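Engineer: Sequential numbering of the sequence shown, starting at 1, is according to full-length UniProt numbering.
Please keep in mind that the hints were generated in silico from the structure rather than gathered at the bench. Please note: incorrect hints may appear among the correct ones.
[To be verified] In silico EDC-like pairs for lysine to aspartate or glutamate, Cα to Cα no more than 16 Å straight-line: (1) K96 - E125; (2) K10 - D117; (3) K10 - D111.
This structure is a prediction, so every number in the text was calculated from the model and none was measured.
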Amino acid sequence: MPVVVIANPKGGVGKTTLATNLAGYFARHGHAVMLGDTDRQQSSRAWLGLRPAAAPPIRTWEINGDHIARPPKGTTHVVLDTPAGLHGWRFADVMKLAHRVVVPLQPSMFDILATQDFLTRLADEKRVRHGEVAVGVIGMRVDMRTRAAEQLQRFVEGLGLPVLGYLRDTQNYVQLAAHGLTLWDVAPSRVARDWEQWQPILHWLDGEAATQPAAPSSPSAA
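Sequences and hints are given; from them, build the entire structure.
Structural biologist: Take a look at the structure:
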């Protein structure tokens, strides 16, 4: 059962956007996916409360504030949304469960500096060094035509970590989230450019070429 952890100690970098859309991708492919939320703000859980009954189901993973237990039987995929300031015992618990860690990072010097120590710590983790946990970075709200995007890639590759892809700054994520939906819940033609940006990310997560899910018949945000 793969456990994908979305983590960055800095807030406001797009962790919940990644977590919800990744859970939506697994659900669209028919997996029994659970979305866990260790953030006090419970943004992912609030999003699940907006999700239409007709959408592919995503179950919430009830996580005790003092302990991260293993998910219940029958779960095939887990996506774990983590809080800002992830450290200490909570970081250790998360790393015990993780198979892949995805770090969203915006291409600004302030974000890079705020995340540098965390990325270095991840790269030095025993399970990462032994190949038991894979770590990758995703550039969020990136305009690939800018020097900042190039700077981000050079920085991350200097740590020996892969840049999985870049996601543009678009209202698609905002509008869909307001309805409890993801890119995978609406007509492909509506989000074709975004689907394309996700392909290398999904390839890395799946360990194989990501397949395009069948076009949803419902629901659809207005």
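Engineer: Are the hints correct? Go through all of them and say.
Structural biologist: The hints, checked one at a time:
Proposed proximity of K96 and E125 is supported: the alpha carbons are some 11 Å apart, at most 16 Å. The straight-line distance between the Cα atoms of K10 and D117 is roughly 11 Å, inside the 16 Å bound, and the hint therefore holds. Between K10 and D111 the CA atoms are separated by roughly 8 Å; this keeps the pair inside 16 Å, and the hint holds.
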